[in-house]
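**Student:** Sequence:
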Amino acid sequence: MTGEDVFDVVVIGAGPVGEIAAARVVRGGLTAAVVEERLAGGECAYYACVPSKALLRPMELAAEVERMPGLQLRGPIDAPAVLARRDRTVSHLDDRGQVSWIEDLPATFVRGRGRLAGPLRVEVTAPDGTRSLRARHAVVIATGSDPLIPDVPGLSAARPWTNREATSVQQVPKRLAVIGGGPVACEMSQALHSLGAHETTMLVRGDRPLGRTEPFAGELLTASLLESGIDVRLGRSVTEVRRPVPDGPVTVHTDDGASVEADEVLVATGRRPATHAIGLDTIGLAAEGPIQVDASMRVAGVPWLYAVGDVNGRSLLTHMGKYQARVCGDVIAVRATGAPDDRPGLRDTADDRGAPQVIFTDPQICAVGRTEARARADGFAVRAVEYDIGAVEGAYLRAEGYTGRAKMVVDEDRRVLLGVTFAGPGVVDLLHGATIAVAGEVPLDRLWHAVPAFPTVSEIWLRLLEEYGL
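Letter by letter, the sequence shown follows residues 28 to 497 in our numbering.
Note that these hints are calculated values from the structure, not bench results.
Honestly, I wouldn't trust all of these hints.
[As the list claims (entries may be wrong)] What follows is a list of derived Cβ distance ranges for each label pair:
| no. | residue 1 | residue 2 | range |
| --- | --- | --- | --- |
| 1 | A304 | P146 | 14 to 20 angstroms |
| 2 | R473 | A418 | 52 to 58 angstroms |
| 3 | R140 | Y423 | 53 to 59 angstroms |
| 4 | A314 | P107 | 40 to 46 angstroms |
| 5 | P367 | Q197 | 52 to 58 angstroms |
| 6 | M95 | A250 | 30 to 36 angstroms |
| 7 | A184 | T157 | 31 to 37 angstroms |
| 8 | A322 | R239 | 20 to 26 angstroms |
| 9 | H459 | I176 | 31 to 37 angstroms |
| 10 | L175 | W475 | 50 to 56 angstroms |
| 11 | Q99 | E315 | 49 to 55 angstroms |
We put the CB at the ideal spot given by N, CA and C, even for glycine.
Please put together the full structure from these sequences, using the hints given.
**Tutor:** Dropping the structure here:
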């Protein structure tokens, strides 16, 4: 296929971020084309957020039952049934529904590998030929990120799993080695352990998993991991990986001279922006690394180019990428008309305050804004307050032996919240209230009048504020 097609906006990447960017520019009255080489819907829909939570939910429910006297599981979790439901949640890796959604915006969906080919031009390579697209106003890069495989001797040759293989597993291995201590490592260790990976070993380089959260979060999670039978080895770096037979066992060696033999090894040590070979060099930008953008998601020095989601490195979370896409799509539509673009809502402010995040482990870990350490490093006058969630009546009623903790970080100069962290069973439902308080910079004296219902776990807010002295 040859020729050039013209649209107001061309979006490279049809993950959730690219989809939203296209939807917003179309809502603003512009035409759009969306280019995708793989599955429309992206990593989140097929290999990350959606399938991982489908795998974790049965584990969460089983743990809830175990904490409630009078209830008892009739047997182990039915792994085949869980995997079958996981397959349904990802539409059996069929993206026809997502393609239809894009076309119904309406926008033009173009299957193929998109790359920049000069100012306002995108070249799409597909099995049936090459197609050239030209944008009148803007090109949006929404190519996401790829799993990072560390440069460890033998690791790449051992064909390690990433989140993609872990979330799409069809046969759960009995022995699993996990390299990493971040959200993916923690979530998938627990999920696969509950589904049959009874010998699961986590190799964590730091002194606790989830090293970027408040210390108590990682400590509570470590205790839960160990109690469930997962072997957590802290302060361990991988020095070598060997898999002499392609389908045979894999051996992971660590810096203390020990080793772990497993059926599969999962690498969950981070992600890198998917900028390779997308033509950034054709317009004078670095071909690797995150694409630097301003608060409207526009690339510095390139007034027609925007980058949203993981690819800009600001916040590698789907919901934050979609938020950036809304900002980006709206500002492109306004700029296309020549109207002033300084009205509220056309700039990213949420990233500056700290993104909300949930780690769906048992216990759940939820946080928004800054940790105490980050707030102090940023120069704020900080006071931090913690409270045992298990001491709240609603938590006691929720589960026997409820174990959890909450912390709020206060800017003493303005008496507003800089950050909040919850760790405990079912705390995910507390997070959005904290997000509103942090993003809205609600004064503590006003927040005190937001009365939590009794008896609920949300009474933790009252206890934290009382601990603060209100």
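**Student:** Which numbered hints does this structure break?
**Tutor:** 2, 6, 10
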